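Using the sequences plus the hints, can you model the full thing?
All residue numbers for the sequence shown refer to this note's numbering, where the first residue is 6 and numbers rise by one.
It is worth saying that the hints were derived from the structure and are not from the lab.
All values reported here derive from a predicted model rather than from experimental measurement.
Be aware that a few hints might be false.
Stated by the list, open to error - No more than 30 Å apart at the CA atoms, straight line, and that leaves these computed lysine-lysine pairs for BS3-like:
| id | residue 1 | residue 2 |
| --- | --- | --- |
| 1 | 25 | 63 |
| 2 | 73 | 63 |
| 3 | 73 | 25 |
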Amino acid sequence: MTATDIHRAIDAVWRIEQAKLIAGLARIERDVGLAEELAQDALVTALQRWRETGIPDKPGAWLMATAKH
Numbered sequence: 006m007t008a009t010d011i012h013r014a015i016d017a018v019w020r021i022e023q024a025k026l027i028a029g030l031a032r033i034e035r036d037v038g039l040a041e042e043l044a045q046d047a048l049v050t051a052l053q054r055w056r057e058t059g060i061p062d063k064p065g066a067w068l069m070a071t072a073k074h
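Structure (structure tokens):
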């Protein structure tokens, strides 16, 4: 996969998973603003790591696990 392909795939994953990710984090943190920040931090990490390692089999679960840590 080229860098452009990975960026497009990450964008698609983000569009699919964003609402569920933020909602789950908001339930855990009881703060929507913090949940949005954590989700965005996880996205930035995904942009860095997935270029090297490829997109995981369960990207939504990966984003949630990353956001929770």
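Against the structure, the hints:
Pair hint residue 25 plus residue 63 holds up; C-alpha atoms about 14 Å apart against a cutoff of 30 Å. The hinted pair formed by residue 73 and residue 63 meets the criterion: a straight-line CA distance of about 16 Å does not exceed 30 Å. Distance hint between residue 73 and residue 25 is fulfilled; the C-alpha atoms sit about 14 Å from each other, no more than 30 Å.
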